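Same order as they appear, the protein sequences are chains A and B. For our numbering, add 2 to where a residue sits in the first sequence, where the first one is 1. For our numbering, add 15 to where a residue sits in the second sequence, where the first one is 1.
No lab work stands behind these hints, which were simulated from the structure alone. No experiment lies behind these values; they were computed from the predicted model shown. Check before you lean on any hint, since a few could be wrong.
Unchecked claim - Listed next, with one range per pair, are the computed distances between beta-carbon atoms:
(1) Asn-297(B) - Leu-34(A): 36 to 46 Å
(2) Ala-53(A) - Phe-23(B): 39 to 49 Å
(3) Val-118(A) - Val-362(B): 46 to 56 Å
(4) Asn-68(A) - Ile-33(B): 50 to 60 Å
(5) Lys-48(A) - Ile-387(B): 49 to 59 Å
Heads up, the beta-carbon is just placed ideally off N, CA and C, and yes, glycines get one too.
This is what each chain is made of:
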Amino acid sequence: MSLKRDQKIDMGVAALIIVICAAFFQQSFLILENDYEPIGAAFLPKILCIAIAFLAALIFHKALKNYLALKNLPETEKTFNTPVDFEKKPLMAVACALVTVAYVGAMDINLLDFKVATVTFQVLLGAILTKLDLKRMAIISAIAVVIGIGGNYIFKDIFFVDLP
Amino acid sequence: MSELISSFGHLMTMSAVIYIFIGVTAGIVVGAIPGLTGAMLISLTLPLTYYMDSGSSMILLISMYVGSISGSLITAILLRIPGTPASVITTFDGYPMAMAGKPGRAIGIGIMASFIGGLISWIFLAFLSPLLGKIAVKMGPFEFFSMVLMALVLIASISEGSFIKGILSGFLGLLVATPGIEPVTGQPRLDFGIADLAGGFHLLPVLIGIFGANQIIRDIINSEQKTKKIPLKLSGLFMSLNDLKKQAFNLIRSSLIGTWIGILPGIGANIGSVLAYGAAKNSSKHPEKFGTGIDDGIAASEAANNATIGGALIPLLTLGIPGSVIDAILLGALLIHNVQAGPLLFVLHAEIAYNIIITALIANLFMFVIMIISTKMIAKIIEVPKVFLIPVILVFCVMGTFALHNTMFDVWVMLLFGVLGFVLEMAAIPLGPFVIGLILCPVAELSLRSGLMASGGSFAPLVTRPVSLAFMIIAIGTLVWSLYKIRLKSI
Numbered sequence: 003m004s005l006k007r008d009q010k011i012d013m014g015v016a017a018l019i020i021v022i023c024a025a026f027f028q029q030s031f032l033i034l035e036n037d038y039e040p041i042g043a044a045f046l047p048k049i050l051c052i053a054i055a056f057l058a059a060l061i062f063h064k065a066l067k068n069y070l071a072l073k074n075l076p077e078t079e080k081t082f083n084t085p086v087d088f089e090k091k092p093l094m095a096v097a098c099a100l101v102t103v104a105y106v107g108a109m110d111i112n113l114l115d116f117k118v119a120t121v122t123f124q125v126l127l128g129a130i131l132t133k134l135d136l137k138r139m140a141i142i143s144a145i146a147v148v149i150g151i152g153g154n155y156i157f158k159d160i161f162f163v164d165l166p
Numbered sequence: 016m017s018e019l020i021s022s023f024g025h026l027m028t029m030s031a032v033i034y035i036f037i038g039v040t041a042g043i044v045v046g047a048i049p050g051l052t053g054a055m056l057i058s059l060t061l062p063l064t065y066y067m068d069s070g071s072s073m074i075l076l077i078s079m080y081v082g083s084i085s086g087s088l089i090t091a092i093l094l095r096i097p098g099t100p101a102s103v104i105t106t107f108d109g110y111p112m113a114m115a116g117k118p119g120r121a122i123g124i125g126i127m128a129s130f131i132g133g134l135i136s137w138i139f140l141a142f143l144s145p146l147l148g149k150i151a152v153k154m155g156p157f158e159f160f161s162m163v164l165m166a167l168v169l170i171a172s173i174s175e176g177s178f179i180k181g182i183l184s185g186f187l188g189l190l191v192a193t194p195g196i197e198p199v200t201g202q203p204r205l206d207f208g209i210a211d212l213a214g215g216f217h218l219l220p221v222l223i224g225i226f227g228a229n230q231i232i233r234d235i236i237n238s239e240q241k242t243k244k245i246p247l248k249l250s251g252l253f254m255s256l257n258d259l260k261k262q263a264f265n266l267i268r269s270s271l272i273g274t275w276i277g278i279l280p281g282i283g284a285n286i287g288s289v290l291a292y293g294a295a296k297n298s299s300k301h302p303e304k305f306g307t308g309i310d311d312g313i314a315a316s317e318a319a320n321n322a323t324i325g326g327a328l329i330p331l332l333t334l335g336i337p338g339s340v341i342d343a344i345l346l347g348a349l350l351i352h353n354v355q356a357g358p359l360l361f362v363l364h365a366e367i368a369y370n371i372i373i374t375a376l377i378a379n380l381f382m383f384v385i386m387i388i389s390t391k392m393i394a395k396i397i398e399v400p401k402v403f404l405i406p407v408i409l410v411f412c413v414m415g416t417f418a419l420h421n422t423m424f425d426v427w428v429m430l431l432f433g434v435l436g437f438v439l440e441m442a443a444i445p446l447g448p449f450v451i452g453l454i455l456c457p458v459a460e461l462s463l464r465s466g467l468m469a470s471g472g473s474f475a476p477l478v479t480r481p482v483s484l485a486f487m488i489i490a491i492g493t494l495v496w497s498l499y500k501i502r503l504k505s506i
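With these hints in hand, go ahead and build the complete structure from the sequences.
Here it is, written out as structure tokens:
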């Protein structure tokens, strides 16, 4: 990962943290205070929001300064971590995340029950991870059926947990 | 002493032995597999322990802790990929020794060093904890607040990445713990109008998200990573008496370093092994040989990282302050079972405290035997492609999170914190301080507010009470030193 990209990530995350703090700070004004306590229930959230926002602003400022300094230099290939000899798959992670959200969402709105949703989820995830390698997908499908049915049995009949 | 013997007797039951065996084995296997960590295993097991009694659940979790720290040496030596961060330093000499045709010897030294490190730190755990427990009952709210502050500053100063990011992470953890029922008046706060958030973010979904889901995201991104395998020949697995004599001083020194590092709140096994390795190298007659595959390097690293286990349990049991990130999860496990770790643990739940202490010893013995017997088998398990493991682990993350309160809200929280954990780590913001802050916020806030009510609003007791003053001096000293180091770097 290049240094310029590191600075962009730092700036983005710092900005996100400041937004989160702003939301918490705004909510803290809704907390009811009492008069028998020197500091009330709102003290800690407010102080933390201010401190975190300040630190995030420091990180943002430093990252921006570095980014501007690097802007006019040729893109360097210095890596943040040790150099890697394989291709990273961020898009695969995004696809898997979307499938996971769909899996949880389907159970949340009672579209699918646990058994069906879990087997479908694992097969879909396996398809993405193996890039439709049929041999590996057959193994993953078998594991999916065992986990789906077995997990349902263990949680419902042994632990007495009501699954979706 | 009598309580220790009595606990030993209680643990010599079939169910306790089975839990220890399962815990250590699972810990070793998970610790050995790169991409899976002890923290992930323990946080995923937490929902299962909900249906067990508190004693049995702590036996299982402590055993997993011991197993996972030790198991990571197998892949560190054979594949140059540490199973967990605790064995990063072991790769420096373990892998070269394996490449030189002596993988069995490298693993054997690692296993023996792990065992001795665990044993020496256990002695401190067994005899120091009850003593510290008696001192800790005399501590008041200001002492607890200043101790939490000290723990946060310490872990921020030692965490990887910048100090400012470490402090920010700790404060973020504190902030995330504030929504829900506030500890003094019991009113709901910071729920953003969401009914499910009235109880705050439950600990378990956050932990599973941070350690489980976050790690899975990384594993998917790094799924193309290939590993060079070394054929495993197990000759030389057992250290000779001569080897033990040569390594005796190194093993004892490294174990003491690991124990001390473990005692310091918030610092973990990887730091212990770094310092022990450094000490071994600096005091060696042949420092240039370190990194080429020598016994001393492996022995120092593995003795220290296992010694941190016993050391880290000391502040957990006596003060309720986790000595490492995994200890923070164990603290959460105790809370789930309505057991408050800290000074009153040895008074109100002494049997649990002593069970934990004895389990650390017995798990260490099991670890030694299981690793000697099953190294070859474990080396085969780590060859299982990740594509088979990832879907199963994700399903367990979802099931385990749902099972606690039967609400899908927890599952969404788990996914959210998985993504948040991943984003924070991408920006090199360490997660250790976050978890420590999350777990300790209720203690810190309740201590500060009740202390101020007692002192009439005065913050003076923070510096006028001697123990609190000592903690504040350490916290401020560490803060100043870390800021000074930042200033030096920027010059």
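Tested hints:
no.: 1; hint: Asn-297(B) - Leu-34(A): 36 to 46 Å; result: violated (58 Å)
no.: 2; hint: Ala-53(A) - Phe-23(B): 39 to 49 Å; result: holds (47 Å)
no.: 3; hint: Val-118(A) - Val-362(B): 46 to 56 Å; result: holds (51 Å)
no.: 4; hint: Asn-68(A) - Ile-33(B): 50 to 60 Å; result: holds (55 Å)
no.: 5; hint: Lys-48(A) - Ile-387(B): 49 to 59 Å; result: holds (56 Å)
Violated hints amount to a single one, hint 1; each of the other numbered hints is respected by the structure.
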